[in-house]
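Offset between the sequence shown (1-based) and my numbering: plus 37.
There may be inaccurate statements among the hints.
EDC-like cross-link-like pairs, simulated, lysine to aspartate or glutamate; straight-line CA separation at most 20 angstroms [to be verified]:
hint	residue 1	residue 2
1	93	62
2	74	53
3	93	65
4	74	84
5	40	103
In short, the hints are calculated from the structure, not lab data.
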Amino acid sequence: MTKPSCRVEAILTIDERGQMVLPKDVRERANMKPGDKLALVSWEKDDGVCCLALLKTEHLSGMVKDVLAPLMNSTGE
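Take the sequences, apply the hints, and build the full model.
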């Protein structure tokens, strides 16, 4: 099993319409196709958003379960 890693994939520019383009090589490695749905997740720090992440929605429910399961177990339910 490969160890999870985090890295800067690209530097994106937001255009005057508020749009940005994910580089083709990143889309290909992530197996992203036209019509795919992504969830935008934000983290706030010091009264503002400091980090953004994109998650494929097909993986979102499993991730939510992984996060909530320990919380549910800690409440004794």
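Of the numbered hints stated previously, which ones are contradicted by the structure, given in increasing order?
2, 4
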